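Here the protein sequences come in this chain order: Y and C.
Following our numbering, the numbering of the first sequence begins with 32 at its first residue and continues without gaps.
Following our numbering, the numbering of the second sequence begins with 135 at its first residue and continues without gaps.
Check the hints yourself; a few may be wrong.
As the list claims (entries may be wrong) - Looking from chain C toward chain Y, a few residues come up when the C-beta cut is under 10 Å (computed): (1) F142; (2) A153; (3) L169; (4) I188; (5) L232; (6) Y276; (7) I296; (8) L297.
Read the hints as simulated data drawn from the structure, not as lab findings.
Note that this is a predicted model, so its numbers are computed, not measured.
The C-beta atom is built at its ideal place from N, Cα and C for all residues, glycine as well.
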Amino acid sequence: MSIPTSYLLALSAMLFIIGAVGVLTRRNTIVIFMSIELMLNSANLAFITFARAFESLTGQVMVFFVIAVAAAEVAVGLALIVTIFKSKRSIDIDQISDLRG
Amino acid sequence: MTQELILFFILAAVAIVTAISMLVSKNSIYAVMFLVLNFVTVAVLYLLLNAAFIAMVQVTVYAGAIMVLFLFVIMLLGAEKAEKGKDLPWQGPLAILLGGALVLELGYIIFSQQRGLLPGIEAVSESFGSPASIGDVLFNRYLVPFEVTSILLLVAMVGAIILTRDEREEKS
């Protein structure tokens, strides 16, 4: 009658992989950050799918927490990017290599 | 083919196309816009899956607040086109190779291995995923994690302020 669970999980996996490839290929720190958001979002989709399939609200509550944690993470991460930009005048990930041993 | 399945395929196509467009767009502003479109599409999928409250949270918090924060930072830094200089030559092909390997692995697990174990999506009651039912679970079973989340948000707020504070003003 409706969407098979495996299709939804496959979509979630596709979005996660696109996000992972984004983290691996892009060098703009902000775009890398957005790729991480995309991966979090795909995990949320899997949570919602399982919540629906198992008819348990715990999955949806977990998504609520993931969104709250993502908001906190973005606030701190963007503050870090602004601070790095202030000292380096660039947000290219290749320029941020001061900790190289 | 039912209506829901057709709707799912349209939404899935839009989600994947916007995600890939986000990846390949040179201008960060366009990337943010594609990501907003992706989040809204996923929110519609949540609506299909009886998660109305989460869909609204997705639109307001993710597509609204978080992505606007990204836009602010990009415009503040003037970092629309930050990528100059040369990529590592093997980086792109290697990433696509690893991504392809992950596609195969996940496809294998989802479509062959666990086929019998995955429950199908059956009809549920109208109230499943409504704000009232979510609130009931959130404030009874998950009250302590909920409170911890509020502390986490406070810590993030303080952290962001401390990180971006202008230290020259303090010395004078």
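| Hints broken by the structure, by number, lowest first? | none
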